[in-house]
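Peer 1: Just so you know, the protein sequences line up as chains H and V, in that order. According to our numbering, the first sequence is numbered sequentially starting from 1. According to our numbering, the second sequence is numbered sequentially starting from 1.
If you are wondering where the hints come from, they were derived from the structure by calculation, not from laboratory data. Please note that a few of the clues may not be correct.
[As the list claims (entries may be wrong)] Simulated pairs of lysine-lysine, DSSO-like, Cα-Cα distance not exceeding 27 Å: (1) V:Lys-151 / H:Lys-75; (2) V:Lys-151 / V:Lys-29; (3) H:Lys-172 / V:Lys-180; (4) H:Lys-172 / V:Lys-53; (5) H:Lys-75 / H:Lys-5; (6) H:Lys-75 / H:Lys-39; (7) H:Lys-39 / H:Lys-25; (8) H:Lys-172 / V:Lys-170; (9) H:Lys-39 / H:Lys-9; (10) H:Lys-31 / H:Lys-9; (11) H:Lys-5 / H:Lys-39.
[As the list claims (entries may be wrong)] Over 12 Å on every C-beta distance to chain V, these chain H residues come out as not near it, computed from the model: (12) Arg-30; (13) Gly-58; (14) Asp-90; (15) Glu-196; (16) Ala-243; (17) Asp-246.
As the structure is a prediction and not an experimental result, all values here were calculated from the model. Don't be surprised by glycine CBs; every beta carbon is placed ideally from N, CA and C.
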Amino acid sequence: MSLRKEAWKYLLSYYSWDNTAEENKAQVRRKTDEYFRMKLQWKSVSEEQELRNSLLRGYRSLIERDVSRTDRNNKFYEGSENPGLVLLNDVLMTYCMYNFDLGYVQGMSDLLSPILYITQNEVDAFWCFCGFMELVHRNFEESQESMKRQLSQLTLLLRVLDSALCDFLDSKESGTLCFCFRWILIWFKREFAFSEILQLWEVLWTGLPCPNFHLLHINELTMKMSVEDILCRAEAIYRQLAATPDLPRNVQELLGLSEGKSPTPSTDTASSPQPLSPSQAQEMELTDSVSQSQPDSSIEILPTEEASTSQSISP
Amino acid sequence: MSYAYLFKYVIIGDTGVGKSCLLLQFTDKRFTAVHDLTVGVEFGSRMITINGKRIKLQIWDTAGQESFRSITRSYYRGAAGALLVYDITRRETFNHLLSWLEDARQHSSSHMVIMLIGNKSDLESRRVVQKEEGEAFAREHGMVFLETSAKTAANVEEAFLGTARAIYRKIQDGQFDIAKEGNGIKIGHQQSPMAHSGPTARQKSQDSGDRSGCC
Numbered sequence: 001m002s003l004r005k006e007a008w009k010y011l012l013s014y015y016s017w018d019n020t021a022e023e024n025k026a027q028v029r030r031k032t033d034e035y036f037r038m039k040l041q042w043k044s045v046s047e048e049q050e051l052r053n054s055l056l057r058g059y060r061s062l063i064e065r066d067v068s069r070t071d072r073n074n075k076f077y078e079g080s081e082n083p084g085l086v087l088l089n090d091v092l093m094t095y096c097m098y099n100f101d102l103g104y105v106q107g108m109s110d111l112l113s114p115i116l117y118i119t120q121n122e123v124d125a126f127w128c129f130c131g132f133m134e135l136v137h138r139n140f141e142e143s144q145e146s147m148k149r150q151l152s153q154l155t156l157l158l159r160v161l162d163s164a165l166c167d168f169l170d171s172k173e174s175g176t177l178c179f180c181f182r183w184i185l186i187w188f189k190r191e192f193a194f195s196e197i198l199q200l201w202e203v204l205w206t207g208l209p210c211p212n213f214h215l216l217h218i219n220e221l222t223m224k225m226s227v228e229d230i231l232c233r234a235e236a237i238y239r240q241l242a243a244t245p246d247l248p249r250n251v252q253e254l255l256g257l258s259e260g261k262s263p264t265p266s267t268d269t270a271s272s273p274q275p276l277s278p279s280q281a282q283e284m285e286l287t288d289s290v291s292q293s294q295p296d297s298s299i300e301i302l303p304t305e306e307a308s309t310s311q312s313i314s315p
Numbered sequence: 001m002s003y004a005y006l007f008k009y010v011i012i013g014d015t016g017v018g019k020s021c022l023l024l025q026f027t028d029k030r031f032t033a034v035h036d037l038t039v040g041v042e043f044g045s046r047m048i049t050i051n052g053k054r055i056k057l058q059i060w061d062t063a064g065q066e067s068f069r070s071i072t073r074s075y076y077r078g079a080a081g082a083l084l085v086y087d088i089t090r091r092e093t094f095n096h097l098l099s100w101l102e103d104a105r106q107h108s109s110s111h112m113v114i115m116l117i118g119n120k121s122d123l124e125s126r127r128v129v130q131k132e133e134g135e136a137f138a139r140e141h142g143m144v145f146l147e148t149s150a151k152t153a154a155n156v157e158e159a160f161l162g163t164a165r166a167i168y169r170k171i172q173d174g175q176f177d178i179a180k181e182g183n184g185i186k187i188g189h190q191q192s193p194m195a196h197s198g199p200t201a202r203q204k205s206q207d208s209g210d211r212s213g214c215c
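Go ahead and model the full structure; you've got the sequences and the hints to work with.
Peer 2: Written out as structure tokens, the structure is:
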């Protein structure tokens, strides 16, 4: 736990890998000042002033509403007087000041909650959250271009990995994979136990073994498999794809395989921090990973009986 | 379980008006004060019976924040019914109805049945939108109107079933071309007398000669 608390500061670019301990300390002092300066900005807006600021008012009421709907079964956020709720609220409000154009978008509270839980510190949580948002802020933009792109990238991967499943989803009008939206937006947060998310995210933050590694996790049975197992399988899928001759060019690019065949991170992730390697690479039966899947009862998307029409619901 | 028809619904409206709670009350007959906010889209389903026909409702519950509209829009397509929900204790959720309605009408099949729902009727003491206002808005825009409480379950069944009855009536009147794709209705293998000869279960749609090509 305490190792994780320190490691996350590096993984999320709050601390720099090249800094000395002294330099990191100085960084914390600077960032602490900066945080409280931004916090004061929204704290000091009077009620009367806020009446003339609909954007801020909107963020505030939305955050309030969502803080009361985020991980309330977790000890750190349960009950109505829990200090964890205030921290969640304050960090999200301050993030609006940090990035006012983006502001608060639903899903962000899910991304912050585990970070706050691990760091147990408002300032650390804020800057780690900013580091996380640096990776995913495009997913929250109003155009939703990034989300749409990832869903189509996912279709592309699924087509290569399991075209039968792809056909099946098409026949059930689910070929656009819109049911995967939440999985991608909040990085599987709701699909695994809280403790497993901690491990999954830190692996994904390393940017290893390839860009877009998160997309390879998707053909799995959510909430019913261990995260360890899924990481191994995803890495196995990646290694199999990397070793596949004649892989379509767009798939190669997606996984950073386009320059030669070596499974090293592409330039996208060149600046990513070093390891925390995602566990032992094992060669596994690729086919298992999808053929065992059954629809999760909580996300019933397919009329299981029959489909007499077949159509696409592409946006 | 077999069904005569499958109707696809969407639930739309501002964040926090109780969309997910309405769905939970309808599918599970329970209410939870503490639940996670909806991200993207979530799904529920329940079997109902109308005029002796088994009908499966497949319900898409959407995120309410404006930022997700461009995604939500793609869900309207292929929906036969929509519940447009506001919160009777928050005026702004009522004020946004027109924008939701325009969005829904613009991106859905023209026959989509839309029901207007004023939720949280159990919070009478905090009411700011009068029932008459909801009724007037619904009348003006050709919708059926109900006030519901996802907490006490008041009118929740009626909201979902009433919408289904309206869709069913439209099918019988021939307003819905059920052979056509994208109107949110599927015919199950429990054929109704007036249903066309669709392909049987597990048969690929391209095997059927009497329908237009798909994707």
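Peer 1: Would you mind marking each hint as holding or not holding in the structure?
Peer 2: Hints versus structure:
no.	hint	verdict
1	V:Lys-151 / H:Lys-75	holds (25 Å)
2	V:Lys-151 / V:Lys-29	holds (10 Å)
3	H:Lys-172 / V:Lys-180	holds (15 Å)
4	H:Lys-172 / V:Lys-53	holds (22 Å)
5	H:Lys-75 / H:Lys-5	holds (18 Å)
6	H:Lys-75 / H:Lys-39	holds (26 Å)
7	H:Lys-39 / H:Lys-25	holds (21 Å)
8	H:Lys-172 / V:Lys-170	holds (24 Å)
9	H:Lys-39 / H:Lys-9	holds (20 Å)
10	H:Lys-31 / H:Lys-9	holds (13 Å)
11	H:Lys-5 / H:Lys-39	holds (23 Å)
12	Arg-30	holds (32 Å)
13	Gly-58	violated (9 Å)
14	Asp-90	holds (18 Å)
15	Glu-196	holds (17 Å)
16	Ala-243	holds (32 Å)
17	Asp-246	holds (26 Å)
The structure does not agree with numbered hint 13 stated previously, though it agrees with all others.
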